[in-house]
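Student: Take these sequences, add in the hints, and give me the full structure.
Residue numbers (the working numbering), protein chains in the order written: chain Y, 1 to 893; chain R, 1 to 348.
Just to be clear, a hint being listed does not mean it is correct.
[What the hints assert, rightly or not] Derived DSSO-like pairs: lysine-lysine, alpha-carbon spacing no greater than 27 Å straight-line:
id, chain 1, residue 1, chain 2, residue 2
1, R, 231, R, 300
2, Y, 447, Y, 86
3, R, 125, Y, 296
4, R, 70, Y, 86
5, R, 181, Y, 240
6, Y, 97, Y, 45
7, Y, 594, Y, 87
8, R, 70, Y, 135
9, R, 231, Y, 240
10, R, 125, Y, 294
11, R, 300, Y, 87
12, Y, 74, R, 70
13, Y, 722, Y, 683
14, R, 340, R, 125
15, R, 300, R, 340
16, Y, 135, R, 163
17, Y, 276, R, 70
[Claimed, not checked] A few chain Y positions that, by computed beta-carbon distances, are all more than 12 Å from chain R:
id, residue
18, 65
19, 245
20, 373
21, 516
22, 657
No wet-lab data here; the hints were simulated from the structure.
Cβ atoms here follow ideal geometry from the backbone N, Cα and C, with glycine treated the same way.
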Amino acid sequence: MAKTKMEEIEEIEKSLGQQSLFRSEDMSLLHFYIPSEIGHLTIRKLGQLGVVQFNDLNYEVNAFQRTFVEEIRKLQNIYTNIQYLKKQIASEDIPMKELTKVNELPLMSKNDIDELARKIQDARTKLDDMIESRKNLRSQLLLLIEEKYVITESNYFFEEIDSRNVDLEDENKDKVMRNNLNLDNLANEKKLGSSTSNNNNNSVVNSDEKLIGDPDNQEQESGTINKSNLKYIAGVIPRKTMGVFERILWRILRGNLCMNYSEIEEPLQDPETDQKVEKNVFIIFAHGDAMIQKIKRVAELMGANLYNIDVDQEVRRENSLKIFSKIEEIHNVHQATQNSIINDLRSIGNEIETWQAAIAEEIGVYEIMNMCNVEVNNRFMIGEGWCPSQKLREVKNTFKEIAEISKAETEPIFEIVKTNREPPTHQLTNKMTNCFQNIVDAYGIAKYKEVNPGIYTIVTFPFLFAVMFGDSGHGILMALSGFAFIYFEKNLMGKKLNEIIAMAFSGRYVIFLMGLFSIYTGLIYNDFFSKTFLYPLTRFTFEDADSITTTEENMKTVRGKLPDPNYRAIGFGIDPGWIDSENALIFLNSYKMKISIIFGVIHMLFGIILNLCNYIHFKEYYLIVCKFIPEFLMLSSIFGYLCFMIMYKWCYDWYSPNAIGEPPSLLNTLIFLFMSPGEINDKDLLFKGQGTVQLILLIIFIITIPWLLLAKPFVLRSRAKKFEEELEAKEKEESNNTNKNEVIDVVPDVFIPEDKPQKFSMADCIINQGVHTIEFTLNCISNTASYLRLWALSLAHSQLSHVLYNMLFETIAFKLNLGVFLDSIVIFLIFGAWFALTVAIMLIMEGLSAFLHALRLHWVEFNGKFYIGSGYKYYPFSFERIWKSERKKGGTN
Amino acid sequence: MEAIDFNVDNGYLEGIVRGFKGGIITNNVYTNLTQCETLEDLKLQLSSTDYGNFLQNEPSPLSTSTISEKCLERLMDDFEYLRANSVEPLTTFLDYITYGYMIDNVILLITGTLHERDTHELLEKCHPLGAFESMPALCIATNVNELYNTVLIETPLAPYFEKCLSAEDLHEVDIEIIRNKLYKAYIEDFYNYCQKIGGPTAEVMGEILQFEADRRAINITINSFDTELSKEERAKLYPENGLLYPEGISKLSKCDDIEQVKMALDTYHDYAAMFDNGPNQSAEKSLEDKFFEREVHLNKRSFEQQFHFGQFYSYLKLKEQEVRNIVWIAECIAQNQKDKINNYIPIF
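Tutor: This is the structure:
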C-alpha cells in the first residue's frame with residue numbers, strides 16, 4: 001500500500017514535462033526530519049548539493065532568540081578575525097591565493113571547524129603580538145630619530161650662537177628659520193654657547209632633570225659661564241600644531257618668547273596610526289624654573305616629545321653617536337620582526353580564502369539550522385523546503401550517503417508534501433539565456449509555471465532594438481564588440497572588471513545578437529554608416545542631368561522612375577535609389593511608420609495569444625471565453641484591420657488602369673471608421689464592400705467592451721457559490737474525521753500553514769475587471785501608438801548618423817582642396833574624429849536609448865498583455881552561492 | 001524669499017541632513033534594541049540601522065563606553081561632512097552650535113585641573129564637537145585671567161568670557177557661575193545671530209533657543225537652592241532671551257523652593273505641565289527627561305519647515321539624544337536592569 005520513497009520519486013519524475021525556458025521548473029515541497037546529532041552534517045551536505053530552498057519555520061521568532069545564535073556569533077567573530085588578517089595582508093601588499101573551485105573545500109565536521117577557529121585565533125594572537133612589538137620598536141625608533149634631529153638641528157643653532165659670539169651683526173642665514181632673540185637674551189646665550197670646556201665627566205644625561213639642560217652644572221665645572229637662570233627646552237612637535245603652540249607660548253611668556261625651530265624634511269611615521277606625520281624641531285629659551293615647567297607642560301599636552309640636549313658640543317656629538325648606533329640596532333630588530341610578520345602573513349595568505357569560504361559556509365549552515373524547528377525532546381530537527389522535482393533523486397541519494405557516513409541509528413528522511421502554497425519560480429537558464437531572463441525578471445519574477453516571456457525576448461528584443469538601430473555599419477561594430485566579449489569569455493569570467501565593462505560583459509550575448517540584427521535591418525534600410533551601398537542594384541533609372549533642359553527646377557531634382565511598369569522591384573529591402581533622393585524622407589517615414597504599427601500589433605496579438613497557453617495550463621478554461629476572445633477581437637478588429645489595410649495598400653497595383661482610384665489615406669479611413677460607421681468616401685475607398693466590413697468590425701469592437709467587463713465577474717460568482725458549498729461540505733466532513741487524521745502529528749503545527757482560499761467578493765471583482773477593461777481598451781490605442789517609437793528612433797538614428805557624416809566629411813574634409821597630400825592628412829584626422837564620435841554617440845548613446853525603448857516595449861506593451869509576474873525567485877541554499885557572494889564582497893573591500 | 005535662493009548654497013546640505021534624519025532610529029528598532037539580552041545582540045541589531053558595521057572591528061567584550069564613543073564618532077563624521085561643505089552664513093551657524101560644547105569642554109578641563117586629574121584622561125573625555133586646537137593648554141591655567149589671556153582669547157569664546165573676568169579664583173562654585181555666565185552669553189549671542197539671519201531660521205531656532213534659555217533658567221533656580229549663591233548673583237545668570245523673560249525670570253529670581261518655582265511657572269502652560277507630577281514625587285520621569293522630551297519635540301518640529309538652518313541644529317540634537325538613548329539601553333543591558341530599559345526618550 002505505501003509506496004517506497006523511490007517509487008514515489010519515479011512517479012513524479014515520469015509526470016514531469018520537458019525542461020525548458022517556456023515554463024519554470026516543477027517544484028516539490030519537502031518536509032525534512034533530521035536526527036539532531038547529524039543535523040549539522042545533513043545541512044552541510046545539502047549545502048554542497050545546493051538544490052533546496054529552505055523555508056523559515058521560525059518566522060515568528062526574533063533573530064537573536066533562535067537556537068543557534070551563539071554559534072553564529074562565534075563564527076562571526078572568527079570571520080571578523082579573518083577580515084582583520086586580510087586587511088593586514090593587504091596592507092603589506094602580499095598576494096592572497098584565490099580559491100578557484102568551491103568543491104576544493106573538504107566536508108568539514110564541527111570539530112574541523114573548531115580546529116580552524118583555533119588556528120585562526122592563534123594566527124591572530126601571534127600576529128597581534130608581533131605587530132605590538134613592531135609598534136613598540138617603531139615608537140622607540142621614532143623617539144631616537146627625533147632625538148637625532150633635535151641634536152643635529154640644535155647643533156646648527158648652537159653653532160649659530162658661536163658665530164654670533166664672533167660677529168654680532170651677522171644675521172642668521174642658516175637653517176634657523178626664525179629667531180626671536182632680543183639682544184638681552186643673545187648676550188646671555190653668547191656666554192652659554194661659549195661654554196665649550198671639557199666637561200666630559202659631567203653627566204647631564206643622567207641628572208634628575210633630564211629634559212632640561214642645566215647650565216649651572218657646567219658653570220661649576222668650567223666657571224666660565226655667567227650666573228644666569230636662562231634655561232632651554234628642546235623637542236619635536238607635529239608641524240600642524242606648531243602655530244597654536246607658538247601662540248600659546250607667546251602669551252604665557254607675555255611676548256617674551258625665544259624660540260627657534262626648523263622643519264624635519266622627511267616625514268616621520270606615527271607608530272599608532274602608521275601614517276606619515278611632518279614634524280618640527282624646536283628649542284625654547286626661558287627664564288626660571290616655573291616658566292620652564294609651564295612650557296614643558298604645554299609642550300607635552302600639545303603632543304610634543306621633549307629631549308635632553310647638552311650644551312656642550314662634545315657631549316652632543318657623543319650622544320648623537322650613541323643614538324646612531326642605537327638606531328642601527330633597533331632598526332635591525334625591527335627589520336627582523338617585519339620579516340617574520342611578512343612571512344607569517346604570507347603563509348596565512350595562502351590559506352585565508354579557504355578559511356573565509358569555510359567560515360562563511362558554516363555561518364550559512366547555522367542560519368539554515370536556525371530556520372528549522374527543533375522537536376521538543378531534541379531528537380529531530382524539522383525543516384521544510386522547496387526542491388526542483390528533477391533533483392529529488394539527488395536529495396534522496398545524498399541522504400543515503402549521509403546515513404552511510406554517519407552510521408547513525410536513524411537516518412534523515414524527507415517527505416514529499418502536496419500543498420497549495422505557491423512554489424518559487426526556477427527558470428533554467430544558461431550563460432546565454434540568463435541575460436535575457438534577467439531583462440524579464442527585472443520586470444517581475446514569473447508566477448510559478450506561468451508562460452515565461454524570456455524565451456521570446458531572446459529574439460524579439462534584439463529585433464525591436466535593431467528596427468530602431470538600423471545601420472549595418474554600426475551593427476557590425478556592435479556585433480564585433482559583443483563577439484569579443486564572448487570570445488574572451490573564459491579569461492574575463494573570473495576577473496574583477498570595472499563596473500561599466502562588467503555590465504557590458506554580463507550582457508554580451510544581448511549585445512552580440514543586437515549587433516547581428518542591426519546588420520540585418522541595416523541591409524533592409526540600406527544604411528551603412530548612413531551611406532547607401534549596393535547602389536548599382538537600384539531598379540530605378542535616372543534621367544541624365546545633362547540631357548534635361550536647364551531650367552532652375554530641373555537643376556535641383558533628378559527624377560528617378562521605374563523604366564518599365566512590369567519591372568520587378570528589388571527583392572530585398574529598400575531600393576538603394578531611394579537614398580539621397582529628395583523625397584527619401586517622405587517615403588522612409590511612411591514605410592517605417594507602417595511597419596512599426598504592423599510589428600506592434602503582431603507583437604501584442606502574440607502576447608494575447610500567450611494568455612491562451614496560460615489559461616489552458618492552469619485549467620481556467622472559462623477565461624478563454626471571458627477574456628482571451630474579447631481581448632483578441634478588440635485589438636484585431638481595429639488595429640488588426642489597420643494592418644490589413646496597410647498591407648493591402650502595399651500590394652495593390654495603383655498604377656493599373658483598372659485601379660479602384662487614387663491611393664487613399666489610411667488615417668482618414670481609420671478616423672471615419674468611428675465617425676461615420678458604415679459609410680466610406682469614394683476617395684478613401686480601398687476595396688469594395690469596405691463600408692460593410694468596417695461596420696461589422698466596429699460592432700464587434702463595441703460588443704467586446706461589455707463582454708470583457710461583465711463576463712468574468714459573473715462566471716466567477718457562480719463558481720464561487722458552488723465552491724463555497726463544496727467547501728462547507730468538506731469542512732463538515734473533515735470535522736467528522738479529525739480524529740482519524742492524526743497519523744504524522746508528532747509536530748502538527750510546525751510547518752507554515754497552507755494558503756487559505758480568499759473569500760470571493762463581487763464588488764472587488766467588478767472593480768478589478770472594470771479597471772482592467774478600461775486599461776485594456778485604452779491600451780489598444782496607446783500601446784499601438786507607442787510602437788511608433790520604432791519609427792521615431794530609427795529616423796533619429798539614421799538622421800543623426802547622416803548629419804555626423806555630412807558635417808565632418810562633406811562640409812569640411814572634402815571641400816578643402818589643399819592638394820592631395822594635405823587633403824589626405826586632413827581626411828585621415830577627420831576620419832578619426834568621425835569614428836570616435838560614431839562610437840561615442842551612435843553606438844553608445846544611441847544604442848542605450850534604443851535599448852531602453854526596446855526594454856519598455858517589452859515590459860509595458862508586451863508583458864503587460866499577459867505576464868502576471870507575481871512569483872518569487874528560487875534561491876537554493878548552496879555553498880557555491882555563498883562562496884560567490886564572498887568573492888563579490890572581497891571585490892568591494 | 002528664502003525659497004528663492006536658499007538652495008543655491010544650502011540645498012545640497014539640506015538634502016543631506018534630511019537624509020541623515022531619515023537614518024535616525026525609529027521606535028520599531030528601539031523595541032528590538034530593548035529586547036536584546038547582551039551587548040552583542042545590541043551590536044547585531046544596530047548593524048541593521050544606519051550605524052552599520054561601526055562596531056565590527058571592536059574586540060569582543062563590548063563596553064558601553066566603546067558604543068558611546070563609536071556612536072559619537074559617527075555623529076562627528078556626519079557633522080564634519082556638513083561643516084566642510086557649508087557656505088556662509090551656514091558655516092558660522094554650524095560653528096555656533098559647537099560653541100556650546102566648547103564651553104562644556106573648557107569647564108570640564110578647568111574643574112579637572114582643579115581636582116588634579118590626569119590631563120590626558122580629561123582631554124579624552126572632552127566632547128569631540130567642542131574640541132579646539134589650543135584646548136590642551138587650558139590645563140596649565142590657574143586663575144581666570146591667565147585662562148583668558150593665554151588660551152581663550154583666541155577662541156570664539158573670548159567675547160563671552162570677558163564678562164566673567166571679575167571672578168578672581170577658581171573655586172567650584174565660581175566655575176559653575178562661570179559656566180552659566182558663559183552659557184548665558186552664548187545663548188543670547190546665538191539667539192541674536194539667528195534673529196539676524198531672519199526668516200524661518202529665526203522662527204525655528206528662536207523657539208528652540210527660547211526653550212533652551214528657559215530650561216537653563218529653571219535648572220539654575222532649582223539647583224541653586226541650599227547653596228551660597230545669593231539671589232542677586234543668581235539673577236545675573238538667567239539668559240534673557242527666553243519666553244520667561246522678563247516677567248517669569250523676575251518671579252524665578254525670587255524663588256526659594258520648588259513650590260515657588262511651580263507657582264512662578266504657573267502661567268506658562270508648557271512648563272507648568274512639566275511640574276504636574278512634581279519632580280520630587282515618585283514620578284516615572286524626572287524633570288530632566290521631560291525637558292529632553294520637549295527638546296526632542298521642538299527639534300522634530302523644525303523638520304516640518306524648509307529653507308532654514310534650524311534643521312542642522314535639530315539633527316545634531318536629535319542624534320545626540322539618540323546616542324544617549326542607545327547608551328542608556330546599553331547600560332541597562334550591561335547592568336542587567338531591564339526594568340528601567342524603557343526610560344529612553346523615543347524620537348520618531
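Student: Which hints, by number, does the structure contradict?
Tutor: 1, 2, 5, 7, 9, 11, 13, 16, 18, 19
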